[in-house]
Amino acid sequence: MKKWYDLFDRDTKALIYGMQIKAVQRMLDFDYACGRKTPSVAAIINPSGSNGFSKVFFGKGEILVPVYKNLNEAAKKHSDADVLINFASFRSAYRVTMDALKIKSLGTFAIIAEGIPERRTKEIIAEAKKLKKNIIGPATVGGLKAGAFKIGNAGGMIDNIIESKLHRPGSVAYVSKSGGMSNELNNIIGRNSDGVYEGVAIGGDRYPGSDFMDHLVRYEANPEVKMLVLLGEVGGSDEYEIVKALKEKKIKKPLVAWCIGTCAKMFKAEVQFGHAGALAKGEAETASAKNAALKKAGAIVPVSFDDFDKKINETYKKLVKKGIIKERKDPEKKPVIPMDYAWAVKMGLIRKETGMVSSISDERGEELKYGDILISDVFKKNLGLGGVISQLWFGRQMQDYAHKFIETTLIIVAEHGPAVSGAHNTIVAARAGKDLISSLVSGLLTIGPRFGGAIDGAAQMFYSAYKRGLTPHQFVDEMKKKEINIQGIGHKIKSLENPDMRVVIVKKYAKKHFKKTPLLDYALKVEQITTKKRSNLILNVDGCIGICFADLLFTCGKFSKEEAEKYIDMGALNGLFVLGRSIGLIGHFLDQKQLKQGLYRHAWDDICYLK
Amino acid sequence: MAQRAIREYDGKKMMSDLMGGYCGGKVAVSGKFVKVNSETDLKKLTKKYPWLAKEKLVAKPDQLIKRRGKSKLILLNAPFKEVAAWINQRMNKEIKVQEVKGKLDNFIIEPFLPHDESEEQYVCVQSVVGGDEILFYHQGGVNVGDVDAKAERLFIPMGEKIASDEIEKKLLKNVPENLKKIIASFISGLFGFYVDLNYAYIEINPFVIKDGKVCPLDMAAKIDDTGEFESAVKWGNIDFPPPFGRTLGKEEAFIKDLDSKTGASLKLTVLNPEGKVWTLVAGGGASVIYADTISDLGYGAELANYGEYSGNPDAEFTYLYAKTVLDLMTRKKSSKGKILIIGGGIANFTDVAKTFKGIIKAIREYTPKLKAHKVKIYVRRGGPNYQEGLDAMKNLGEEINLPIEVYGPQSHMTRIVSIALKGKK
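Protein chains in written order, with my numbering: chain A, 1 to 611; chain B, 1 to 425.
No lab work stands behind these hints: they were computed from the structure. Possibly wrong hints are sitting among the right ones.
Unchecked claim - Mimicking EDC-like on lysine to aspartate or glutamate, the simulated pairs with C-alpha atoms at most 16 Å apart in a straight line are:
hint: 1; chain 1: B; residue 1: K422; chain 2: A; residue 2: D307
hint: 2; chain 1: A; residue 1: K130; chain 2: B; residue 2: E160
hint: 3; chain 1: A; residue 1: K265; chain 2: B; residue 2: E302
hint: 4; chain 1: A; residue 1: K129; chain 2: B; residue 2: E117
Pulled out of the complex, with its shape left as it was, chain A reads as follows (with noise of 0.2 Å):
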C-alpha cells in the first residue's frame, strides 16, 4: 500500500501530456528494466490529434497506448492513473495543469516546460496547496523511483539507468535543483554507495512547484530511506528551510548537501546562471552562505563539489557499520533491455543488408547533395539546368559547353504544337477534366517509336553502323534491304533548302564547341545519299540531336568508349525529349484549363465509319 510519502510505487500509473513517443518508450523500457508487471503509461494525451492508440515496445514485444484528445476522458477511462506528466509547452502548461489540478483522480502532477510565466507558477501552486496535490517542477526532466516508476525522460539512457542501478531501490534519496545534474548524481550516488531509493529534480525556476523541504520530509518518514543527500543552489532561500529543520531534529536522517553557485563571487557584474532562479538577493543567498549555514546546522558539506563524492561514500560505509544499512549484492545477471535498431545501428554493433542502392543524391546529411555536390554548391558553382541533369543522369560534371548543349537541346524539343500526338493526348485528358499529372502523363505515353523517340534510335543504328565501318553507301543498302527506315532521317515538309532551324542550331552548336564530330559527319554523308532519293529525306531534330549527343559523350573525355556506348544502350538520350517536352505538355495542359475548354469529342465527319 502507498503510505503518505510515497509519490510512486511499482504499480503508479500516469497519463502523458503531449504527443511524447520517446519519452512513453523511455518509461517503458525502465518499467521493463524494474521488472513491472504493468506499464505505468496508462494513456497519452494528444491535444491536436484524435483518439485512437500508438505502438510501443514493452520488453521484446509490442504494445497499443491508447491515445486521447481530451484529458477529462483520459482521466475519467483510467482512474487508476494518479499521476500526470505534462509536456504542454510554457504557453500552454498553466492552462492544462490549472484544469487537470481539478481531476479527483489525478494526485501528482510533473511540469516539464521552462519559461512558464512565474505569476503562472505561482498560482498553480497555490490551487495545487489548496487541493493538497503534489507538484514536480516546472522547468525540469521530472525524477524517479528507483525499480518502481520514472517521470517521462529522467535517468538518460536506459544503459545509463542500469549502469546506475535505477532498476532496483537503493537506500539513498537526494533532491536537486539541477535536471541536468540528477543524472549524474544517480551516477555518483550509485557509485558510492548502494544506490537511489528516489531523485527528485524540482526544477530551476526561483519558484518551484515543490521544495526542497517538501521531498526532505516525505524521505525522512519513509524507512526505506537511509540517507539524504541535496544538491542546492545559489539563489532563493529554499536551503534555509532545510537548516531550520535540521536544527529542529525535523530532519535526523545524515544529509550530505552540496550548494553550486559557489564561483559566483569570482564574477563583478551580476551573472545570471542557467536556471531563472539562481541569482543571489543578497549575501545570504549565495551558495557559500548556504554551505556553510548547512554545515552549522549538521548537514554533511564538502569542502567543494569535488568531495562531494567521498562524503557520500563515508556516509553510507558508517552507516553499514552501524547496521542501518544491510548491504545487498546485486545480481551478477543484469537486466537486458533489447536495444533500438537505430540505435545499434549508430553504435556500430549490427548491419543490415541493404535492399536498394542508389548513387544519384543523397538527402540525408545537413545539406543536401547531388551526387557529392552540396546543392549551395550547385549555384555557387553556377551549374545550371545542364549540369544537373549531366550530374543527376551520367553521375559527373561535364564541361560548361556540354552542359550548355543539353540545355540547348531541351529548349529545342520542348514544343511541337498542339498537332503532334503527345500535345494533342494531354489536350484531350485536360478537357476531360483530369489533373496535371494525369494530363500531362497521357501526353508522355505517346513517345515511343514514332513520335520523339527517334533520339536513341537515331543514335544507336548510325553508332552500329560507323562503329562497324560501313560506308555511308553500305548503311543505306544495308537498311534498304532490311527494309528498315533509317532513324533520325525523314522530315514531314522540310528538305535540304528549305532547312529545319532546329536542327541548323543544333549543327552549328555541336560544329562550333565539340572536339570533334564523327558521328555528325557521318550522318552528313548519309543524309547525302538520302536526299538524293527524295529531298525531304533529310537528317531531322531527332536523329540530329541524337547523333550529336552521341558524338558529344564520345568526345568530351569525361566517359569511356564502353560508358558512353552503355548511355546509348540504355536509353539515356530519349530522356531529352520526355523531359524537354514535358514543359510544352504542362502548357498545353494549362493553356486547355486557362481557357475553360469543355470535353472533348471528336467530330463524327472527321471518323470514316466501316460497315
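Chain A is already provided as a structure; the job is to place chain B on it using the hints.
Relative to the frame of chain A, chain B by itself:
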C-alpha cells in the same frame, strides 16, 4: 529566462501610459521624461519636448546603476543647456562605480520637482513565495535607511485582490489624512499594473504628490521575461540592458549571437583573459560546478572563463564555440603553461561523440598554437555514445602529440579539476 531589470525610462513610460486604467482614472502619473542614448541629437530634443526648455531639469544615467546619488551621477535643478553639456561630457565615457567599470550610454531627463524632503514616500511591490508583498513607508528618498526593517508590509496571497481601504488601514497609518485616498488608489492601481504586466519587482523611492498627480522620482523594476507572450504588447518596445559593467567583449558577443541562432544553448563570459585555467563544459549545472570547484580549490584568480554548451548543439556550432575559446586562450603566453578543462556530467540524450567532433576539429586547427602555449587538456564526460567520443579524444592526443587526459563516468565529475590543478588522483 528570468526576472530581468528594465530601464527606469521604460518603467516610468509604462506607468504613465497605463496606470490611469489601473487606478480607475483616479490617479495620473506624470508623463514627462526623455530618453537619451548615444544616437540622440540633443540639439533637436527641445523641439520635440518643448517643456525641456521651459523647466528646470534632472538628468541621470539610466543603465541599472545603483546609488547614483552617491556616485555623483545625478544632475539636479539645471536648465537644459547645462543638462546637455553634462550628458555630452559623460556620454560614451568609461566610469567606475564601486568596483565595476562600465561605459555610460543611456540617460534619462525629467523635470526637476521642487519639494520638501518630508513629502517623499516609499513604495515597493515584490514577488515572494506564495504571493506578493507591498512595502510602504511614509518617508522616502536617498536617506530612507533600512526599509526592510521599518516599512509597513502587506502580503497578498496568490489569487487575492486588495481593496483601497485595506491599503489605507494596513499601510498608510502615518500618512496625512488628505493624501490617504490618492495614495491608496495609487498603490492599488500599482498592484494591478504589476500583476497584469508580469512585473516581479517595482520600487519607487521616492514618489511625491504634486497637484493631484503622483510623481515617481526614482524607480527600479524587474520584469519576468517569461511573461512576454502575455504582456509584450503592454511592455512596448523595451530592452533588457545588461547589468552595468557587463559590456560584452567581441568573442562574448559572437557567442551570444551564435546562441540566438540555435535551439541549443551557448554561453561565454571571459573572466580573466590572462588566466591559466580555461573551461569548455557541457551543461548549465555542470558548468557552474566546474567553475565552483576551480574557485573552491583556490584557483579562482586563474579561472579565465565561464561558459557552457548544452541542448545538443550540432558539430558546427560546437566547433565555432570551441574555436572561440581556443583562440582566446592562445593569445598571451604564460610561462607555466595552460589548462583546458573539457568537462561535463552524464548527458541525458546528447550524443557525446557528435558534439566532441566539433571540439576535435577546433583542437586540430589550433594544434600549433596549443603546443606553443603549452596547453594540457583534461576531458571528462558521460552519456550516450560517450565511449566513442572519449576514444576519439584519446586518439587525437596521440595523433597530434598533445597531452590530453581522458576520463569517463567512472571518474567523479570534477576529479579532472583536482588532477589538472594539483596532480592528485
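query: Out of the numbered hints, which ones does the structure contradict?
result: 4
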